[in-house]
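Start from the sequences, fold in the hints, and give me the full structure.
As they're listed, the protein sequences go chains A and B.
Sequential numbering from 1 applies to the first sequence in the working numbering.
Sequential numbering from 1 applies to the second sequence in the working numbering.
These are computed hints drawn from the structure, not numbers from a lab.
Hints should not be assumed to be uniformly reliable.
[Unchecked claim] Have a look at the derived ranges for each label pair, beta carbon to beta carbon:
no., chain 1, residue 1, chain 2, residue 2, range
1, B, Phe121, A, Trp85, 45 to 51 Å
2, A, Gly132, B, Ser484, 46 to 52 Å
3, B, Ala72, A, Gly175, 22 to 28 Å
4, B, Thr21, A, Ser59, 45 to 51 Å
5, B, Glu20, A, Leu70, 48 to 54 Å
6, A, Ala30, B, Glu20, 55 to 61 Å
7, A, Trp85, B, Arg117, 51 to 57 Å
8, A, Asp57, B, Gly305, 37 to 43 Å
9, A, Glu64, B, Tyr323, 39 to 45 Å
10, A, Gly175, B, Tyr323, 32 to 38 Å
11, A, Lys99, B, Leu144, 55 to 61 Å
Positions of the beta carbon are idealized from the N, C-alpha and C atoms, including for glycine.
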Amino acid sequence: MFHLFNFPLAPPAASNFAKEHDLVFYTLCALTVLFCVIVGAGVIFFSIYYRAGNKVDRSRPMYENLKLELTWTFIPLLLGIVVFWMGARLFVEMKTPPKDAQEIFVVGKQWMWHVQHTNGVRENNTLHIPIGKPVKLTMISQDVIHAFYIPAFRVQMHVVPGRYTQLWFTATEPGAYHLFCGMYCGTQHSEMGGTVYAMEPKDYANWLANGGEETVPMTMTQAGEKIYNRVGCNNCHANVSTPRAPSLLGIYNTKRVFTDGTSLVANEEYLRDSILHPWNHITNGYDESMPAYDGQLSESDVLNLIAYIKEMGTSTGKSAPSSLGNAEGAATRATGHDVHDTLSVGAIQANVPDPNPTPTLRKDTPAVGAIAAEGNK
Amino acid sequence: MSATATTTGQIHEEPGGGKETNYLNVTHTIKSWLLTQDHKRIAILYMVSTAFFFLLGGIAAGLIRYELTSPAGVMLESETYNKVFSAHGILMIFTFLVPAIPAIFGNFVLPLMIGARDVAFPKLNLMSWYLYMTGGSLILWGILAGGVDTGWTFYVPLSSMYSNGQVTITLVGIFIAGFSSITTGINFVVTVHKMRAPGMTWFRLPLFIWAMYATSVIMILGTPVVAVTLLCVIFERAFHLPIFSPELGGDPVLFQHMFWFYSHPAVYIMILPGFGVISELIANFSRKRIFGYHFVAFSSLAIAGLGFLVWGHHMFVSSQSMYEGIVFSLISFLVAVPSAIKIFNWTATLYKGHIRFQAPMLYALSFMGLFTLGGLTGLFLASMGTDVHLTNTYFIVAHFHYVMVGGQMTAYMGALHYWWPKMTGRMYHEGMAKFAALILFIGFNLTFFPQFIVGWLGMPRRYHYYYFAPEYQPYHIMSSLGASVLALGFGLPAFYLIASLINGPKASANPWGAHGLEWNIASPPPTENFLEIPIVTDEVYDFDPTSEFEQEAGTHRIMHGDAPGLQTKDGDKKPMEDK
Numbered sequence: 001m002f003h004l005f006n007f008p009l010a011p012p013a014a015s016n017f018a019k020e021h022d023l024v025f026y027t028l029c030a031l032t033v034l035f036c037v038i039v040g041a042g043v044i045f046f047s048i049y050y051r052a053g054n055k056v057d058r059s060r061p062m063y064e065n066l067k068l069e070l071t072w073t074f075i076p077l078l079l080g081i082v083v084f085w086m087g088a089r090l091f092v093e094m095k096t097p098p099k100d101a102q103e104i105f106v107v108g109k110q111w112m113w114h115v116q117h118t119n120g121v122r123e124n125n126t127l128h129i130p131i132g133k134p135v136k137l138t139m140i141s142q143d144v145i146h147a148f149y150i151p152a153f154r155v156q157m158h159v160v161p162g163r164y165t166q167l168w169f170t171a172t173e174p175g176a177y178h179l180f181c182g183m184y185c186g187t188q189h190s191e192m193g194g195t196v197y198a199m200e201p202k203d204y205a206n207w208l209a210n211g212g213e214e215t216v217p218m219t220m221t222q223a224g225e226k227i228y229n230r231v232g233c234n235n236c237h238a239n240v241s242t243p244r245a246p247s248l249l250g251i252y253n254t255k256r257v258f259t260d261g262t263s264l265v266a267n268e269e270y271l272r273d274s275i276l277h278p279w280n281h282i283t284n285g286y287d288e289s290m291p292a293y294d295g296q297l298s299e300s301d302v303l304n305l306i307a308y309i310k311e312m313g314t315s316t317g318k319s320a321p322s323s324l325g326n327a328e329g330a331a332t333r334a335t336g337h338d339v340h341d342t343l344s345v346g347a348i349q350a351n352v353p354d355p356n357p358t359p360t361l362r363k364d365t366p367a368v369g370a371i372a373a374e375g376n377k
Numbered sequence: 001m002s003a004t005a006t007t008t009g010q011i012h013e014e015p016g017g018g019k020e021t022n023y024l025n026v027t028h029t030i031k032s033w034l035l036t037q038d039h040k041r042i043a044i045l046y047m048v049s050t051a052f053f054f055l056l057g058g059i060a061a062g063l064i065r066y067e068l069t070s071p072a073g074v075m076l077e078s079e080t081y082n083k084v085f086s087a088h089g090i091l092m093i094f095t096f097l098v099p100a101i102p103a104i105f106g107n108f109v110l111p112l113m114i115g116a117r118d119v120a121f122p123k124l125n126l127m128s129w130y131l132y133m134t135g136g137s138l139i140l141w142g143i144l145a146g147g148v149d150t151g152w153t154f155y156v157p158l159s160s161m162y163s164n165g166q167v168t169i170t171l172v173g174i175f176i177a178g179f180s181s182i183t184t185g186i187n188f189v190v191t192v193h194k195m196r197a198p199g200m201t202w203f204r205l206p207l208f209i210w211a212m213y214a215t216s217v218i219m220i221l222g223t224p225v226v227a228v229t230l231l232c233v234i235f236e237r238a239f240h241l242p243i244f245s246p247e248l249g250g251d252p253v254l255f256q257h258m259f260w261f262y263s264h265p266a267v268y269i270m271i272l273p274g275f276g277v278i279s280e281l282i283a284n285f286s287r288k289r290i291f292g293y294h295f296v297a298f299s300s301l302a303i304a305g306l307g308f309l310v311w312g313h314h315m316f317v318s319s320q321s322m323y324e325g326i327v328f329s330l331i332s333f334l335v336a337v338p339s340a341i342k343i344f345n346w347t348a349t350l351y352k353g354h355i356r357f358q359a360p361m362l363y364a365l366s367f368m369g370l371f372t373l374g375g376l377t378g379l380f381l382a383s384m385g386t387d388v389h390l391t392n393t394y395f396i397v398a399h400f401h402y403v404m405v406g407g408q409m410t411a412y413m414g415a416l417h418y419w420w421p422k423m424t425g426r427m428y429h430e431g432m433a434k435f436a437a438l439i440l441f442i443g444f445n446l447t448f449f450p451q452f453i454v455g456w457l458g459m460p461r462r463y464h465y466y467y468f469a470p471e472y473q474p475y476h477i478m479s480s481l482g483a484s485v486l487a488l489g490f491g492l493p494a495f496y497l498i499a500s501l502i503n504g505p506k507a508s509a510n511p512w513g514a515h516g517l518e519w520n521i522a523s524p525p526p527t528e529n530f531l532e533i534p535i536v537t538d539e540v541y542d543f544d545p546t547s548e549f550e551q552e553a554g555t556h557r558i559m560h561g562d563a564p565g566l567q568t569k570d571g572d573k574k575p576m577e578d579k
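Right, here's the structure in full:
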């Protein structure tokens, strides 16, 4: 409810156009106030002073006065032409992108924004851009007319099917800003938006190089290893079996025999069950169950853990899978499989920062998946 | 004053006493109403039917405002919300704002003002009401059968290829209703040209007639274009005729050019009649000839003419050429000038008037304030640089509501209160009417001023949700609170006006002491309007302020005969200055 007492009076000003735009805007505001005051004061004063019954001098009333008429024809006209010129000059500037502008491509469709950077990195409903560098968006719609609108940058342009439209700006302030669809486009029009992230050029370069993540993405095995160490699996499950717990090296797809005489193959289903509900099966040779992780690990954590446990079987050490996994991850990223194609309700898809990143930069991410490849969706 | 001389006697008679026949009580059958060719009865038919559509549009507006109090909506699905705001726009524009003042007050008082017994083509006039009702019914049918979710602008290819709503039936409804505009326009133009009473020269026409004339010209020239455009959408939708959709090989921006070629002038169809009403009210309640009559009259024609050359200012960011935009922007600044001329002339009219704050005048004064702000904020949108940021936001919504509701709707209320005694023969409760005018002014500003700010902050229009930008909520809550006050401002008049029909005091022929031929005949007027066609010898708004200097408020010069005293304050004999 805090925001109910927050009355912002101006949008953030974060692009090269904002200053000039706001100058025209506030000039118009001043003219509006001026004319409202003139008309308002005239109307209020005259209607009170000349109210019927008020005995004031009404001799020689005026009905026509050419000089007066020309005055209030030409003063507004001249002021209007000045403001027209200010507005038109800004508009021409907005329509003339610099030659060295960085190109980014945008596809609008009901009801999402799909953004593609020249090196193949793609994002949905977010736009990452560097500050201090002109950026030119080339945009097209796959279905109806949309409008790409960033209030903080004071830029907006229709995104039309069947033709490219362009928009350019230079962001000046780092930060996260609203991205809206300005042109009504059907049912979920209000949710066709997201966030524009204006970043320091260095951060942007990192982001781009990492395939659209703040940090290098982890493979499932890497993530699993991290969880394995974080929640303390390694306290008991060591490289060799101990009296407290069996080693998990190579456990995948082996037969497990339990204290009640039954047995199961250690497949994904069994591994998940043993992590979340370990009391269901006590392996022969052990007295008691390990602590249950039901409710403590998310399903995706469990999937990562299982992936790691499976990898443990293919090599001799726990750290072995790391390098292999990284290469796989790069390929996944570049083809954009991880980019969510569904529109999560207005929420910007958060890239959870890795608390312990591996500083491996991938320099040569292949540009896979041009806009056209998505086209037949 | 020969015209008034013949009818002066009626002023002191109570029309009801002798059971005089008038256009209302001459016959009582339903058939006599539905087949009437009397312009006054047709005006009443229009009044009742437009009020019904206004009520529906108002309910839709209430739903929108309720829904927007919370950033994540209150009770509607997005699809329903979209249908509600589309219904609000379509009903308010095509079934209320466009026909309201011309078809009700234009129909009723235009022949009376020029001293005619009816409009030029009475049967065409009746047909226009049936066309309107057919169109309105089809639009209503479309809403009841599922509604449309395209907005009132029907942008392609959303409307032609993607929307699942009842687009076709609604478009057919608007198409048919458009012909009612055209027939009304033709009727008015011919009536003004051919049926003015002897002595009613062009520059003795009340300014309401000039405004109606300019409006009619736009209706005749503009409406066919939107009719053709909507027909093209229907053909593309129904038969996949390739016109607008790029999938079929068409051009979606072409639609916008064709649509706004009508729909921008249509804005003037909606506001020019309001200008006409305000000219009448300001002159008659200041008891003074309008200042700069010729400038006010010709500014209406200038608006009608220039209005056809500015449609591209709706399309600065639509991918039309930059140079095209620059021309449209310049002409848009030019069209602001005639509106400014009107406002300044009205203000100057008040100077040295005898201003009476009766209910219609309160509406006229609030029009002055609201329209001034509405018009000036239009410049933000005519200026290309600022339009880029403000277009498609709540700033636009606030701007056109200031013009359409603050302007036209306030003028409508003024006209309703001004001509109500003439139309019904009854007086309403003056105190309630003044109170309602005040409530309307406060409620209106509370509703729409916050929308300027929230639009400037960047909130796009037609958004159902804004949970991703909760900083907009306080303004929406203010706006919704204001809408409740506004609803009261529209509800109160419905109450006391209907009450006046039941037990309101009988109205005299000229309860306001106004000047004009319509006030020289009984209230309500007889079917044939004028027993004998008047001969006009006096100038328009020919009040003599000097003669009234010593009078009490509320009296009228007619009571003092045709030779009013010309005493000035200084006791000089001063000849009346006529231009």
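Of all the hints numbered above, which does this structure not satisfy? Sort the numbers upward. none
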